[in-house]
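Colleague: Could you put the whole structure together from the sequences, leaning on the hints where they help?
2 protein chains.
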Amino acid sequence: MERNNALKSVTLLEIAKALGISRTTVSNAFNRPDQLSCELRDKILAKAKEIGYAGPNPTARMLRTKQAGAIGVVFGESLPYAFSDPVAIAFLQGIASVCEPAKVSLLIIPMAMSKTALNTIQQAVVDGFIVYSTPNTDEATAHVLARNLPTVAVDRPDLHNVSSVSINDRQAAYIAAAHLINCNHKRLGIIAMEMRFDGYEGTVNAQRIKTATFPHLLARLQGYQDAIREAGINPDVIPIEERLNREDGGFTAALALLNRTPRPTGILAMSDRLAIGALRAAETLGLDVPTDLSIVGFDDIPLATQIRPRLTTIRQPLVEKGAIAARFLLENVGQTICQILPTELAIRESSGIAPKT
Amino acid sequence: MERNNALKSVTLLEIAKALGISRTTVSNAFNRPDQLSCELRDKILAKAKEIGYAGPNPTARMLRTKQAGAIGVVFGESLPYAFSDPVAIAFLQGIASVCEPAKVSLLIIPMAMSKTALNTIQQAVVDGFIVYSTPNTDEATAHVLARNLPTVAVDRPDLHNVSSVSINDRQAAYIAAAHLINCNHKRLGIIAMEMRFDGYEGTVNAQRIKTATFPHLLARLQGYQDAIREAGINPDVIPIEERLNREDGGFTAALALLNRTPRPTGILAMSDRLAIGALRAAETLGLDVPTDLSIVGFDDIPLATQIRPRLTTIRQPLVEKGAIAARFLLENVGQTICQILPTELAIRESSGIAPKT
DNA sequence: TTGAAAGCGCTAACAC
DNA sequence: GTGTTAGCGCTTTCAA
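Protein chains in written order, with the numbering used here: chain A, 972 to 1328; chain B, 972 to 1328.
It is possible that some hints are incorrect.
[As the list claims (entries may be wrong)] Stretch-level coverage of chain B by chain A, calculated; a stretch enters the list once three of its residues show a Cβ under 8 Å from a Cβ in chain A: (1) 1067-1080; (2) 1113-1123; (3) 1271-1285.
[As the list claims (entries may be wrong)] Once the Cα atoms are required to be at most 25 Å apart in a straight line, the calculated SDA-like pairs of lysine to any residue come out as: (4) A:K1074 - B:A1088; (5) A:K1074 - B:A1031; (6) A:K1037 - B:A1031; (7) B:K1020 - A:L1116; (8) B:K1157 - B:D1259; (9) B:K1020 - A:H1114; (10) A:K1074 - A:P1027; (11) A:K1020 - B:A1088; (12) A:K1157 - A:L1229; (13) A:K1018 - B:H1114; (14) B:K1181 - B:E1110; (15) A:K1327 - A:E1254; (16) A:K1020 - B:V1304; (17) A:K1037 - B:S998; (18) B:K1020 - A:N1090; (19) B:K1018 - A:N1132; (20) B:K1074 - B:V1290.
[Unchecked claim] Listed next, with one range per pair, are the computed distances between beta-carbon atoms: (21) A:Q1142 - B:K1020: 36 to 44 Å; (22) B:T1232 - A:R1319: 33 to 41 Å; (23) A:R1281 - B:T1036: 51 to 59 Å; (24) B:T1036 - A:N1107: 27 to 35 Å; (25) B:S1008 - A:H1131: 32 to 40 Å; (26) B:G1023 - A:N1107: 18 to 26 Å; (27) A:R1035 - B:T1307: 28 to 36 Å; (28) A:R1231 - B:T1232: 51 to 59 Å; (29) A:D1259 - B:I1324: 25 to 33 Å; (30) B:H1131 - A:G991: 29 to 37 Å; (31) B:T1232 - A:F1168: 53 to 61 Å; (32) A:L1011 - B:G1023: 43 to 51 Å; (33) A:P1280 - B:T1307: 45 to 53 Å; (34) A:L984 - B:A1113: 23 to 31 Å.
Hints are computed from structural coordinates only; laboratory data are not their basis. Predicted, not measured: the structure shown is a model, and the values here were computed from it. Glycine included, C-beta positions come from ideal geometry on N, C-alpha and C.
Modeller: Now the structure itself:
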């Protein structure tokens, strides 16, 4: 887009001149109706309409007032992905529920993880930032912090001196795994989502785990392994398949796991999207869920209860997470607050007692 | 949020002074690396980091360059609703897919349909607007147009001199209804979504239709009725239930329709969300779909193929709609282009031959 | 009630 | 390669 406004821009001054009054008065007509007579105000507004003046230039106004009326949202993933991820969407919905009544706009900032794109952060016209699920190595977070604006990080409790809202991923994952183990499952498989932003898809080994950059995902894995270890099983024996967080990723990962001998009877998926893909894989292989195979997801997205069988999963308050992040930003400026939201195991139809064999 | 940056703001000038050089040079260090020696640039950048200067103030910069690097997205509905609507989300995803590579941010503007909130539009710091599915009476559109910035309207082909991208809602709806009629359905029911922004839920009469303010939804209704009339049925006899566009709306609307005598054998829903609610209603009443009841949706959201039975629906290119709107804005400034995207009937498992009775 | 003046922080010509 | 100058369009004291 040619970013220049094609039309010669109309300014306060022109209206003032046309009416033989000062800029101040025109400015007041728009911003402080009580500072001038009604008739004059009406005259000014009429003139403005006539000339095609849409009100004070927002940029110039902002330069003076230092208020953007918007908060920036930075995602650790590409935008098209974020907009296809029910988890991110629910989060945005929570932010929106707080911003709308506060009349604050949302600036969704693209980065695509490319260095050249980082200046979108430097140039964002906002009053604060919400940083969502970024890797702990990335420069995006650094750039955001460099702006010295109020900032809230989500799923990043590891940042110092930054407000954050998160869940206890490790504990939640532990509970998911413990559930399967309590149902007598011994042969488990894990489906992980991208733990490092490099597009890798395949089996996860110790090396891969060491280089994980999404702290909350690493925590989930550790939680699974905590429970497995506690059950007297060597975690290193449990296969892990990593995929992009999409249904087809869950599908292929589940196929890979289920084609092993002996076949796993329980699958732990790090997201509901992956779990739903795994459900499809079971369907394809003619396995009944939960009779032959139990599947546990993570997140509790709306779809988890809309599909059949309904998905057993870890519920985290997705919408609330966004709402709280937004409230921290709008209401608690200056303070550094870290909140851990509760999670809960939602037992539904996709998990059950392990088969006898 | 206290919108004032708490920290005393650091400016170009301070760095210039500290180094005994001019502002221009410092500015160049950030914006035109080729305009000064490497050593000097490094020195400036180092000093900036030392003082805690995060780069040129975006607002001031914008005031000069007249480029916001962002486009505004205005929804005809409340933001939390938009972020819960798969149709709106897919649309946003399309926009994002174009904006991300172009490094353009997305400013999501809240309005909540309240007059006092309209100034969020006047104050939006953007290079252009995408107006999505707004009612034809609303002032939001007027405010957007008053900004005199490049604008693309979606689902609003009725606006003059404004680029737009839409579908032929009337024809698409006609095809949906004709499908049921061809399957020998005579007793039909229609589930409409909010055709006017007033929260009404209930039976739709002629008066209500007359006062509809969402042109594309009115067109869908007319399309249904075209096909019904053509089949020799008086459209006025076909019951219409209007609900908010949510699954539970479709649920209660379907119950209302199915409790009539004689019971309809075919339901036309104006959205997939409503259709999915209707599916649940059939389930509740013990009706088999499609043996006892056929249901046709509209939109073809991802969920339509993830539930069982898969939903027969009108497919419209949701993501592409957003992508095209964004491209119009970014690439075709100055021109007024109107594009009508193709739709298609996707026949799946929720529709079939009408029962004999 | 209204107006004059100052300046928000920056960039773009142009001159050196 | 670097500095000088002149605003971008607005709001805000403060004075009239």
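Colleague: Against each hint, give a clear statement of whether it holds in the structure.
Modeller: Status of each hint after checking the structure:
| no. | hint | verdict |
| --- | --- | --- |
| 1 | 1067-1080 | holds (count 12) |
| 2 | 1113-1123 | holds (count 6) |
| 3 | 1271-1285 | holds (count 4) |
| 4 | A:K1074 - B:A1088 | holds (6 Å) |
| 5 | A:K1074 - B:A1031 | holds (23 Å) |
| 6 | A:K1037 - B:A1031 | holds (10 Å) |
| 7 | B:K1020 - A:L1116 | holds (12 Å) |
| 8 | B:K1157 - B:D1259 | holds (18 Å) |
| 9 | B:K1020 - A:H1114 | holds (12 Å) |
| 10 | A:K1074 - A:P1027 | holds (18 Å) |
| 11 | A:K1020 - B:A1088 | holds (19 Å) |
| 12 | A:K1157 - A:L1229 | holds (14 Å) |
| 13 | A:K1018 - B:H1114 | holds (17 Å) |
| 14 | B:K1181 - B:E1110 | holds (20 Å) |
| 15 | A:K1327 - A:E1254 | holds (20 Å) |
| 16 | A:K1020 - B:V1304 | holds (24 Å) |
| 17 | A:K1037 - B:S998 | holds (21 Å) |
| 18 | B:K1020 - A:N1090 | holds (16 Å) |
| 19 | B:K1018 - A:N1132 | holds (24 Å) |
| 20 | B:K1074 - B:V1290 | holds (19 Å) |
| 21 | A:Q1142 - B:K1020: 36 to 44 Å | holds (39 Å) |
| 22 | B:T1232 - A:R1319: 33 to 41 Å | holds (37 Å) |
| 23 | A:R1281 - B:T1036: 51 to 59 Å | holds (53 Å) |
| 24 | B:T1036 - A:N1107: 27 to 35 Å | holds (34 Å) |
| 25 | B:S1008 - A:H1131: 32 to 40 Å | holds (37 Å) |
| 26 | B:G1023 - A:N1107: 18 to 26 Å | holds (22 Å) |
| 27 | A:R1035 - B:T1307: 28 to 36 Å | holds (35 Å) |
| 28 | A:R1231 - B:T1232: 51 to 59 Å | holds (57 Å) |
| 29 | A:D1259 - B:I1324: 25 to 33 Å | holds (31 Å) |
| 30 | B:H1131 - A:G991: 29 to 37 Å | holds (35 Å) |
| 31 | B:T1232 - A:F1168: 53 to 61 Å | holds (60 Å) |
| 32 | A:L1011 - B:G1023: 43 to 51 Å | holds (46 Å) |
| 33 | A:P1280 - B:T1307: 45 to 53 Å | holds (51 Å) |
| 34 | A:L984 - B:A1113: 23 to 31 Å | holds (25 Å) |
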